[in-house]
Every structure is written in structure tokens, then in C-alpha cells.
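Undergrad: Chains as they are written, first to last, in our numbering: chain S, 896 to 1235; chain P, 517 to 1081.
Check each hint, because a few of them may be wrong.
Claimed, not checked - The list that follows gives simulated cross-link-like pairs (lysine to aspartate or glutamate, EDC-like), each with its CA atoms no further than 20 Å apart:
no. : chain 1 : residue 1 : chain 2 : residue 2
1   : S       : 964       : P       : 764
2   : P       : 1031      : S       : 961
3   : P       : 899       : P       : 971
4   : S       : 964       : P       : 555
5   : S       : 1089      : P       : 578
Said to hold, decoys possible - Computed far set for chain P versus chain S, every beta-carbon distance over 10 Å:
no. : residue
6   : 561
7   : 711
8   : 983
9   : 1061
Note that these hints are calculated values from the structure, not bench results.
Here a beta-carbon is modelled for each residue, glycine too, at the ideal position from N, C-alpha and C.
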Amino acid sequence: MKRTILVMMIMVLVSVFAFAVSLENKLIIYTCHGEEMPGAFKQYFEEAYPGVTVEFLAMGAQDMYDRVKAERSNPQADILWGGPTNIFLLEKQDGLLEKYVPSFDRSVPKEYKDVDGFFYGQFLTPPAIVYNTETLAEKDVPQDWDDLLDPKYKGQITIRYPLASGTMRTVYSAMIWRYYKVDGNPQRGYEWLKKLDANTKDYTSHSSVMFTNLVRGLAKISIWNFSDAMLQKTLNGYPFGVVLPKSGTPVIVDNIAIVKNAKHPEAAKAFVEFVGTKQSSVMMAHQYFRIPVRTDVDKAVLPSWMKVEIVPMDIDWVAFAELSPMWMEYWDENIKGRGN
Amino acid sequence: MKLLSRERFRYWTALPLFAVLVGYILYPLIRVFIESLTDRSGNLSLANYIAFFDPQRPSNMEALLTSLGLAFASVLVAALVGVPLAFLLTKYRFPGSRILSSLVIIPMVFPPLISVLAYIFLYGEAGFIPRGLQNLFGLSSPPFYIKGIGGILVIHAYTMFIYFYMLTSSALKKIDSSIDEAARNLGGKFWFRFRKITFPLITPGLVGASLLVFMIAMASFSAPFLLGGRNRFLSLQIYISKLNGNMEMAATQSTILALICFIFLLFIRYVSQKRDYKMVSKGVSNATSDIKSRLGKWGAMTISILILIMLSLPQVTLLIISLVPIGTWTHQTFPPKYSFINYIEIFSNPRFFNSIKNSLIMSSIATLVAVIIGSLVAYFLSKKDFKSRWAMEILAMLPWALPGTIIAINLIITFNRPTFLTGGQILVGTYFILPIAYMIRNIPLLVRSTFAVFEQLDESLEEAGRNLGGNWFYVFRRVIFPNILPGIISGALLTLVANIGEFTSSVMLYTYHNKPMSMEILDQMQRFNFGAAAALGILQVVLMAAVMLITNRYLGNKRGAVVYF
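Given the sequences, and given the hints that come with them, work out the whole structure.
TA: Written out as C-alpha cells, the structure reads:
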């Protein structure tokens, strides 16, 4: 009932837009928001715009970048939905994105959007420490990043293979960044990751395997984004606990952008508007644990857990985007599997 | 005046055939090679190769060595399982031996991705058997489980022993037992006879199987992808380099892996032509002997029952998992709930059904085109007077040596821009890139199976037809074609089902338009929907089993063609 009202409200809001231009009959979205939220918004959007069929393909943010790059001369996707700023900056540099300034431009603080309007932040997604509450005793729960290096966790940490995942790339690069910004070189960051590698049981090729490891008790601890962990916990009743490190976490701004030379540009614009409304933001906050970047959403209508203070790590995202690929390549060659 | 002379037919068929083979097989390889010689700023250099072998950056060398080691070890384990089994089943007859010898091909009806998943559910750390034993004996941790390289080897033993089994048993069957008898009558002891008669005769088969398994293990992707953990493998490095946006390094790794596989292909060719002892005798008498002793009989039966259980457990596991409704199974050793909901779901939910439809359509397109190309190539190869035979053979057999990862990289690098071959279209990101990848992989298999049929075809049939006044085309249509048709159909059916289970190229090339079953299976795994993933897997297994049954039963396929999967 509540959902129907929300959908209707959104429909009214966007109907003005809808009748102004005719939309293409199709919209293709590459997303790294998993299946649940895109699945729901596919349905809402199709209800609001009868005649448009939405298709989405779920993947990791890095995978998404790789795909749009490979498909650049023949773009398949219209929208890139989700993914950290550092990856969107690379996509912008490579000329893969189309500029579009949405109507909610003014509600997005400037640190959460591209200066040239190529992509817009939509949610703040804090990476967090995730653990299995059934297999890990309360007193043993790591409270901060550095706790993960404790030798007592040896063989208990499972990690989504960082090269394929935007979240994990950001976390690993952020761990290096902490030292880089003081020392001017990544050396101590590499040492830190080597110690984490020593405690890591395996790098899973797919986030599914990572979750399976955690749920089925093969490992006790992982690092993953707060929203998805909470969603899995709520949806499937998995015994997950989530810790937001006090020293700060590299809060990922999850962005949205239109693909350059997209085949369905009008539908794409409509979709950006559709998921960017206040109503959509509130709905996503309640149902999918997404923290909106919009400053004009009334705090009172947002879920109560959002009042927990999240300490963002201090990061220069532009420099970060430039350095991160090099660091990750170094990690893959020289650190992965070599800690002991 | 003949309507279509043989020479003209050959000329006008061979030319476009060469164009297709060069365009889709050789040219992409060359393009990738050029890419590997290009540095990041686009200049010609050896930088990528220097980086590959750089001792300061050991990851690539490590991957190469791990892959080589894995391939050697796979040959060993596959031989250890396959050869004794071949001896047991071809040389001896005991209660149940016939059933066992027809069911020994069970692992063949298992697409690679599915078999790895089934093994993880069965023998993985939280698998049925390790967890079950742990619960049964009240242990604090599972007594054993598969992981890392050891785990991959177990899976390779399961999926690859069949090559040793088949090549050894077909060699054993060809041995005329009268030679063995003669030697025995002359006073030859068992070992002497084994060394001097049996072993030389099965050697070509053993060498062939070793090379084959080595090549397949080198290219193996699914098992390292899901079980590799902290190790590096060459086939996986290619995928990772591409993911990391380092296309030049992916090309370099591809070139090196392709080179290794190509060398092995040449070896296989060499071995299969040399050292092939021909048995000169009229008809081969039956070499099988009954096991007489009671103990031997029971022993052989027990062993075969154990083998059958080992062979079919992964399929049984998959069947059990396919009955698990989503979200009902978490930390329990065995799933607490069972229902048929997943089977209803995969046929009613458009999402699953689309993936089934995509797989079927793409596989059919690929097979159809590959059948046409493959049979034409096979025809030319069977003609001893066709001058460019060697070139055509190498071109057509090349994809056989190429891992799916490389075929994908080849296509991405080559068809990322408009080309003449594609009618000025860009293939990357379109529906057709995947059927084309399948088709390229199918060509060698169809060439082999059709060539085998041509070889069996008596040349005198064609001569007789011609002598009776039929022109060349008429003879082809009325005499040759009906004779080769069953062989072609069985080859086509087998490639068709192999395509349905394809994973390696699919994971690198699929788009939302053509998402195949394998990718949907992986996606469902990600959503913890193990049940639907397994149900899709079972569907693949059933399709493959049906095709095997049909080809064995009605088309007289002697499993020969199957070997080359």
C-alpha cells in the first residue's frame, strides 16, 4: 500500500517530464547495486513509464568500467548505476560518459558530484567490517581496520577479490592512502596490506563465494559495504554483524551517469530523474539501507539507524583515482598470497 | 559437359573457406600478437614481454609455473584413474562390468562450471561429505576438504580421466589376443608380454591422452576461477589483466599461453601419425576374459560399485541442491527443506527462461555454421590430392589448442572496431559475438568427427558411382552425403550440448542481450539462490545426457568423437 502511494507520487512528479519528450521503448542499465534494488526500480519505472522496458545487468564496478570501455564504439548500456567516484573519474577521463545535469542538481552538495556534470553522487556507502555473529564471540569482534591485522584472526578473514570489486579496490587503496598522505609513498600501506593478506583465508572470485564463506561458517570476518551487508542480513536473515570503524572509513559515493552515445538517451535521462527524486531516496533508505547524498531530505523521515555517525576518511578522490590502479596492480603482483 | 566439375567446385568452395578460417582464427591471433608488442603509449616494443619475465614482478612467471605444474599433475592423476579402469573394464568381465563401462562416461555429461560447483557443495569445506563426517564423529573441524591446487586436481582427475580411459581402452580393444596367446605359448611371462606387446600398442594412446589432458588442464578456467583462492594461474591472469584494464598484458599472456598450447597441438599431431602400430589380422578376436575366482569377482564388483558411487555423487549432489528453496539453507550440513519450486521457476520466470532460450538459440546458430564449415574442411582434408591440405588442417585445428579465454580476448581485440569480415560492424557488445566464439571453438571438433566418417567411407563407393555415369555432384548427393550424415549429426549434437554448458568465453563476452545459462547460474549463486542455479545445471546435464544417449544408440557413435571434448 505504502509502496503504491510512493510510486503514484513519483509518477505524478515525473509525468510532466514524461509527456514533454517521447521516450525510447527500452532502457539498459549496468549496475553494481546487486539485484534487489534495481529489480524493484525496474518495476516502478516501467509502471511510471508504460512502454519502456528496463533491462539491467548486475556486476562489479570495475567489471562495469571494463565493459563500457570494451563497448565504447558500440555502447550497449544507457545508464551506469552505482560505483565509486574513483572509477567514474576514470570513465569520465576515457570519454565514456555523457554530460547530463539533472533537475536535482542543486540538492547535491558539490563534493558529491562531478564538476562538469558527467556523473552525480546518489548514495553514501560506507565500507565496513562484517562478521558472523554466530561464530565470532562479541569480545573478539574487530572494532577498527588495524584490529584486522591481529594474528588471532589468521585464516578467518574472507575477502572479495579486490581487483574485480569497486568497494574492495576503494578499501584497499584507502588503507594505502592513510600512509601515502603522510609519507608521500605507499610503502607502509603495502606493509599493512601484507599483514592483512597473512590473515586472509581466501580471495573469492565472486561476492557470492565470500558471502557463502561467511554464512556457512568457513570464515568469520569480511570487509564489505554497509548497505549490502545490511540488506543481505534483513532479506535472508543471515547472522551478520556490521562495524563501522571509528578511525574513519573511505565512504564511497555511489554515482549514476549516462553512457556516451547511449542508444536510449531520453529514457536514460528519465531514469536518472526518477531514481534521484526525494521520494526515491527515502524509499531506498528504508528498504535498501542507502544513505542519500541529497541535503534536502527531511531527517525525520529517514530510518533511525542513519543517525549513527559515520566518520568519513579524509581522501583526495582525484589523486586517489589516479594512484589507485597502480597500487592495486602492485598489490596483485607483490602482496596477494605472499603474507605469512 | 558436367554441370559442376569437381575442380571448380573445390576452387570455389576452398577460397571462401580459407577466407573464413583466416579471418576468424588466424587474423585475430595475429592482432593479439601485435597488441602484445605494443606498449601503453601505442609504440612497438617488447616491454610487455620484459614485464612478463621480470624477476622483480614475479606474478606472471609464478602463474606460468603454477599452470604448468597443475597441467603435469593433472596428467598424472587422470592417468592413475583412467588407465587401470580401462584395463579392468576391457580385459575382464565380471558381474556389473557392462553397466560400469557404459556409465563410466558420466563425468562427460557435466559442463565444467557445473562440475566445479557440484564438487564444492560435495567436498568443499562446508560440503556434504566433510561436514557430514565432522558431525558423525563429533570432530571440531572437517577431516578433509578440497581447496586450492589440490582441490582443482581432484576435479581435473574426475573430468579428465575419461581421455585416458577411452584412448587406452580403444587401443586395448584393437589388440589381437592371438598375438598374446602365441607369446604365451612360446613361454612369455605376464610382464614380458605386457612390456613387449601390450605396452607398445597402447603407448600412442597414452601419449595422446597425456598431451590432450596437459593442454586441457593448462587452459582450465572454471576450477581455478572458483577454487584458486590465493594462487595464480595463467588462464586466470588473462581474465584479471583484462579486468584491470591492461589489455596489452592480457594480449601478452594470451600469446604465451597460446604458444604453449600450440606446441602441444603439434606434438599430438606428430604422435598420432607416428608409432601407430597396425594390427594385421582378419577381425579382432575378443580379448576379454571372465574373472573366475570368487574373491576376484567380489573384489571387482565392490570396486566398480565404489567407482560408480564416486562418479555419480556430484550429479546426485546437484540434484539435491536443485530441490532447495531460496533462503532456507544456511549453516546446516544438509538442506532442511526440499521442493520442486525451482524447476517451476526456471521455466516460468522469464529471467531464467530467457537464459535457457539464449543458450539454445546461440548454441544452435554456432553449431549450424560450424557444421557447414567443419564438414567442408573435413571433405578437403580427406582428399589426398588437395594441395593446400596442410594449411587448411592447421587453420581448422588451431582453435582446438586455444583456451576459451584466448578466443574471447582474440575476439575482443580484433572486433572492437569495424572490420571487413563483419561487414563493417563492430562485434564487441553485440549478440553475435558469443555464437561466433562458440562456433570457432566447435570447428575443430566437427572437423574431427566428420573427418573420421570420411575416412571410413570407402573410396570405391565414389568410384563406383562415377563409373556408373553419375556426375560428381550427383554422386556426392546420392552416395557420399547419405553415408556421412549420421556422423555429422552426432558430431553436431555433441557440440550443441557442449555450447550450452560453455562458461569460459561466455563470462568474458556476454552482454545483457545474450546472457547464457552459465552466467545465470553464476548470478543465482551470488544471490544465494543455489536451488535455481542447480536446477539450471541439472537441465544442462539432462540435455547432455539425452544427446549422448541418442548419439550412442541411434547414430552408432562409438564414443570416438566424444573424446575430443
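Undergrad: Is the claim that residue 711 of chain P lies outside the interface with chain S correct, judged by CB distances over 10 Å?
TA: 45 Å, holds
Undergrad: Does residue 764 of chain P sit within 20 Å of residue 964 of chain S, going by the straight-line distance between their CA atoms?
TA: Roughly 14 Å between the alpha carbons, so the hint for residue 964 of chain S and residue 764 of chain P holds.
Undergrad: Is the hinted pair residue 899 of chain P and residue 971 of chain P satisfied, with a Cα-Cα distance of at most 20 Å?
TA: Between residue 899 of chain P and residue 971 of chain P the Cα gap is close to 10 Å, so the pair holds against 20 Å.
Undergrad: Can we trust that residue 983 of chain P is non-interface, i.e. its beta-carbon lies farther than 10 Å from all of chain S?
TA: 56 Å, holds
Undergrad: Would you check whether the claim that residue 561 of chain P is not at the interface survives, using Cβ distances to chain S and the 10 Å cut-off?
TA: 19 Å, holds
Undergrad: Hinted pair, alpha-carbon criterion (20 Å max): residue 1031 of chain P, residue 961 of chain S. Please report holds or violated.
TA: 17 Å, holds
Undergrad: Take a quick look at residue 1061 of chain P and tell me if its Cβ sits farther than 10 Å from every Cβ on chain S, holds or violated.
TA: Answer for residue 1061 of chain P: holds, closest chain S Cβ roughly 27 Å.
Undergrad: Is it true that the CA of residue 964 of chain S sits at most 20 Å from the CA of residue 555 of chain P?
TA: Holds: residue 964 of chain S and residue 555 of chain P sit about 18 Å apart, inside 20 Å.
Undergrad: For the pair we were handed, residue 1089 of chain S and residue 578 of chain P, check the Cα-Cα distance against 20 Å.
TA: Measuring from Cα to Cα gives roughly 18 Å; hence the hint holds.
This entry satisfies every hint, going by the numbered hints stated previously.
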